[in-house]
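A.B. asks: Sequence:
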Amino acid sequence: MIIGIDVRALMHGRTSGVENYIRSLLKALFEIDSENQYVLFYNSRKECQNFLPPFDGRRVKVARYRYPNKLLHLLWRFFKYPKIDKIILRKIGKQLDVLFVPDPRPSPVSKSVKKVTTFHDLVFERYPQHFSWKSRLWFAVLNPREEVRSSTHLIAVSEFTKRELQELYCVEENKITVIPEAVPGKLKPEKDIFLLKTIREKYALPENFFLTFSTLEPRKNLESVSKAYGIFQKKSPLETYRLVLAGRRDPLIFGKVFIDDHPDILLPGFIDEADKAGLYTLASGMIFVSTYEGFGLPVLEAMACGTPVIASNTTSIPEVTDDAAILVDPYDSEKIAEAMEKLTRPEIHEEYRQKGLQHVKQFSWLKAAKKTLKVFNGEADEL
Numbered sequence: 303m304i305i306g307i308d309v310r311a312l313m314h315g316r317t318s319g320v321e322n323y324i325r326s327l328l329k330a331l332f333e334i335d336s337e338n339q340y341v342l343f344y345n346s347r348k349e350c351q352n353f354l355p356p357f358d359g360r361r362v363k364v365a366r367y368r369y370p371n372k373l374l375h376l377l378w379r380f381f382k383y384p385k386i387d388k389i390i391l392r393k394i395g396k397q398l399d400v401l402f403v404p405d406p407r408p409s410p411v412s413k414s415v416k417k418v419t420t421f422h423d424l425v426f427e428r429y430p431q432h433f434s435w436k437s438r439l440w441f442a443v444l445n446p447r448e449e450v451r452s453s454t455h456l457i458a459v460s461e462f463t464k465r466e467l468q469e470l471y472c473v474e475e476n477k478i479t480v481i482p483e484a485v486p487g488k489l490k491p492e493k494d495i496f497l498l499k500t501i502r503e504k505y506a507l508p509e510n511f512f513l514t515f516s517t518l519e520p521r522k523n524l525e526s527v528s529k530a531y532g533i534f535q536k537k538s539p540l541e542t543y544r545l546v547l548a549g550r551r552d553p554l555i556f557g558k559v560f561i562d563d564h565p566d567i568l569l570p571g572f573i574d575e576a577d578k579a580g581l582y583t584l585a586s587g588m589i590f591v592s593t594y595e596g597f598g599l600p601v602l603e604a605m606a607c608g609t610p611v612i613a614s615n616t617t618s619i620p621e622v623t624d625d626a627a628i629l630v631d632p633y634d635s636e637k638i639a640e641a642m643e644k645l646t647r648p649e650i651h652e653e654y655r656q657k658g659l660q661h662v663k664q665f666s667w668l669k670a671a672k673k674t675l676k677v678f679n680g681e682a683d684e685l
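Quick note: the working numbering has the sequence shown finishing at residue 685, numbered continuously throughout.
Calculated from the structure, these hints are not laboratory results.
Errors might be hidden in some of the hints.
Unchecked claim - The calculated lysine-lysine pairs, modelled on DSSO-like cross-linking and capped at a C-alpha distance of 30 Å, are: (1) K382 - K393; (2) K490 - K477; (3) K388 - K413.
Values in this document were obtained by computation on a predicted structure and should not be read as measured data.
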């Protein structure tokens, strides 16, 4: 088969969940699949392949289209033209059998081409008020319902996202295959003492701290975290734990935050990808009480680094964590504070550290790639 992959989502060079999903899955696909040929499609007036994962140029080709992005999106959104498979045929002489769209966006193909689309979450449908007007306009242009309709098969990253697709878009169950994500790269507990010291100094991290690591936006529920931390401090006045809220903060989205100027709550900002394992390793515990997640990759990242996790008991989180995390009602700050107190006890801290390290082994990008290949081959019923 000749499999096209829409890699436009990688062009911004970010390292968020969707970008990590695409890079990790492609790397695994290229490792295990020696039979099929691949074509990576993107649109740009400038050649910029440095955002792509390494690949064998004999089996993997790149097709670049040079149309202005805004005009192209309008043509695709309203006229379903030009077809991506026809663009690729003209560019490199390859006729696609399958087009894989790892993040929903306008991607018209001919009827003879099977289209497989991955849905990560439907948060834009559930919480439109959490997005800027520009983002809401972009989602209107994307028109996910049309991508559902025009796709031969859908991949959901969790059973929760599958249920969301069924409930919000009335998708038949046999059109959706659940293929979980895994931890990107080789995250593991960082043992280099000098590197850990460097990371602690770089981000001015205290000796003992609880960590929240995500984009700082409303659904990440930082208000409950900060309230829980205040309760924890009052109930455990002798403890010296501080709270670190790591991640990029957009003031246009998050506004004036209630935690400003709190002496024991630190905001180190964006964390370099190379420092992620060290940050998790240094943390006494990870708090991830988001109110909506399609998968919730940070909880697995923390577990892979030996960091005990406190997580929400809602949306996709329970199926991702199983019993390897302390699950709490994300709106109950008292319960979150109780969970924080538990992790200050050495025996409970070690219990959840070990549970997490074992649990994360169940998730693998090689497994995900093998299942994805079966979907490409039309063998989803066998999964």
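A.B. asks: If you draw a straight line from the CA of K382 to the CA of K393, is it 30 Å or shorter?
C.D. replies: Given that 30 Å is the threshold and the Cα spacing comes to 19 Å, the pair holds.
A.B. asks: Is K388 within 30 Å of K413, Cα to Cα?
C.D. replies: holds (12 Å)
A.B. asks: Checking one constraint from the list: CA of K490 to CA of K477, max 30 Å. Satisfied?
C.D. replies: violated (35 Å)
In the structure shown, a violation is registered for the earlier hint numbered 2 alone.
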